[in-house]
Amino acid sequence: MLRWSELGESFRIAVEALRLNLMRSILTTAGVVVGVVLVVVMGWTIKGLDAVWEQTISIIGRDMLYIDKWNWAGGGNWRNMEARRNITLRQATLLKDRMESAEVVIPLARRWSSTVQYGSKSVSCSVQGTTYEYGSTPAGTTEIGRWYSESEDLQGDRVVVLGYGVAQAVFEDSNPTNAIVKIAGYPFRVIGVVEKRGFIFMDFIDNQVFIPLRTFQGVYGFYDRSFSIAVKAGNERLLEIVRDEAVGHMRDIRNVAPDANADFSVNEMEAFDAQVTTIRSSIWIVGIGLTVLAFIVGSIGIMNIMFVSVAERTKEIGVRKAIGARRSSILTQFLIESALLCMVGAVIALPISQGIVTAARAIAIGPLELEWVSVVSPYIPVDLLAIAIGVSILVGLAAGFLPARRAATLDPVEALRYD
Amino acid sequence: MESDSTAIIQIENIAKVYEMGEEQVHALRDVSLTINGNEYIALMGPSGSGKSTLMNMLGCLDTPSSGSYLFKGENVSEMSDDDLAEIRNREIGFVFQTFNLLPRASALQNVELPLVYSGMSKRDRLDRAADALHRVGLDNRMDHRPNELSGGQRQRVAIARALVTDPAIILADEPTGNLDSRTGQDIMGLFDELWKAGNTIILVTHEEDIARHAHRIVRLRDGKVESDTENAHAPLV
Ligand SMILES: Nc1ncnc2c1ncn2[C@@H]1O[C@H](COP(=O)(O)OP(=O)(O)O)[C@@H](O)[C@H]1O
Ligand SMILES: [Mg+2]
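These protein sequence lines are chains D and F, in that order. Taking my numbering, the leading residue of the first sequence gets 1, the next gets one more, and so forth. Taking my numbering, the leading residue of the second sequence gets 1, the next gets one more, and so forth.
There's no promise every hint is true.
[As the list claims (entries may be wrong)] Where chain D lies over chain F, by a calculated footprint (3+ residues, C-beta under 8 Å): (1) 16 to 30; (2) 56 to 69; (3) 111 to 119.
The set of hints was computed from the structure by calculation and includes no laboratory data. Cβ coordinates follow ideal geometry from the N, Cα and C atoms, glycine included.
All chains, full assembly: derive it from the sequences and hints.
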């Protein structure tokens, strides 16, 4: 049984030993410092990734389904999907009429490569033809100006709402409303700009423009075009009901035999979660690998220095044993010293990690102009810090075990004779 | 000799053999001794005769290769390391030739240390350590570190540390060996006082001047007890 009095003494000795060899202690902990910095910075990166992703999702909406010929997440066989029949505007309109559980159903037509011209500037972007209703979804929220009205939509007016990225590229910070730009050679009046949606994985979203569906038909035509159908459930909890209803109607509309696979895909934001998960896991695997390496190197250093410490204090150990220190007393004394040594490493790692995080964030937002990084916390995550300190204490205990055991099992007579 | 009923230490036919590679060193052969409460004994003998080995044995720092050792009736040979540590802590006070104080601890902290290992509360520890330092005449040196003390003072701190647990015996291995003769006699005066106060004292020495303070002199030669006699010249009670 270990006694409180001994624990206090052990801490006193450990602190004294560290103070006495301050420089040596600090150098010894280098491996642990690197390990802790890695864990904390990696954790911060992943949390940042999650924050950015969450924000993106919240703008596009977790309650959205996109019925499309293609599976966006890249699953399934490309040839099979290529062979699918197009989703026509008529099918989209039928779905819209039949759907009861959804809040809105919106057809979308997309032209991937096009350009917006303004004066001498020309910016490539994709063009999305959709209805006025898109303006009421989170993805159609305008930052400047407005979305097109129902009448503009139905009349097929040449009005355009710019994606944030396009507006920035063409107009920089000046107000683009009422400017006349050229798209596919036709003049369009800019009536609004969509909110920034800062997005690492789908940055094309900021790099598109929206025009009324009918206008799109006039410019690009609907021949051989497959539409997407955006279905907004209105609430994430309704997603399943809405999905089931939409799939049922679509199979019916497209005459899919009851026992055949659907010849369309239902895309959800969740599908993209998989991509984020992949990125997350890659960061983890690399990070954990490096961290483990750093801790292994670190613990070898710590073990080494603890053996030195035991050797240096052989006589002292002998004296302590002579006056009644038991094995467990000596063992604890050195384990505490070793754990404390590692904790010193963790404490040193704290300001370093914060420094790296602060610098990385500043560089990303400043020189790299990655504005979306601003949703990432500027502070290192406290829970990870606690974990890192915990892990480093465990590493300290593990690394200190052999030296501590050597000290504990020293023969007192031999130890006392040592000089 | 007094009766066995008050015996603190009874060793019978103990031997200690060190293995030095192929060679065996017989540090002790067939030693028997009985030591009673409040005895004052000097262990004498030439260098290499086994004094320190016997001392370590008596102090439960080491166990015999053969023979029996009863400490207050309990068989030491069968004890675990931790049991021995407990006995050393409670029953034995060591005083070494080279003092063996912890260099970075104050006199008070050094004296307090055995009580740390017996699990006493901080306040009681400080009380008793201060008391022990008072007994060796170092009331005004409690916060000094060993390097701020003279040799005689260091040995007094070491004696206070040996006293602080109120042990059954005090074992001193050449306690005056690193001191000049004047200081050595002062330290011996202190041992005399402790003996008068009821302590049991065993000291190792090869100096007749020092041994004269004891009341019983055990002489070793080649690991054997050569003689075990009353000291007629002892300064009397
Ligand atoms: N740990 C040891 N290993 C080997 N031989 C030892 C050891 N300790 C003591 N000896 C030997 O045992 C004998 C007695 O030593 P010791 O008890 O130290 O004698 P003294 O204290 O009387 O000088 C000596 O020959 C010494 O070399
Ligand atoms: Mg000796």
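Evaluation of the provided hints:
| no. | hint | verdict |
| --- | --- | --- |
| 1 | 16 to 30 | violated (count 0) |
| 2 | 56 to 69 | holds (count 4) |
| 3 | 111 to 119 | holds (count 7) |
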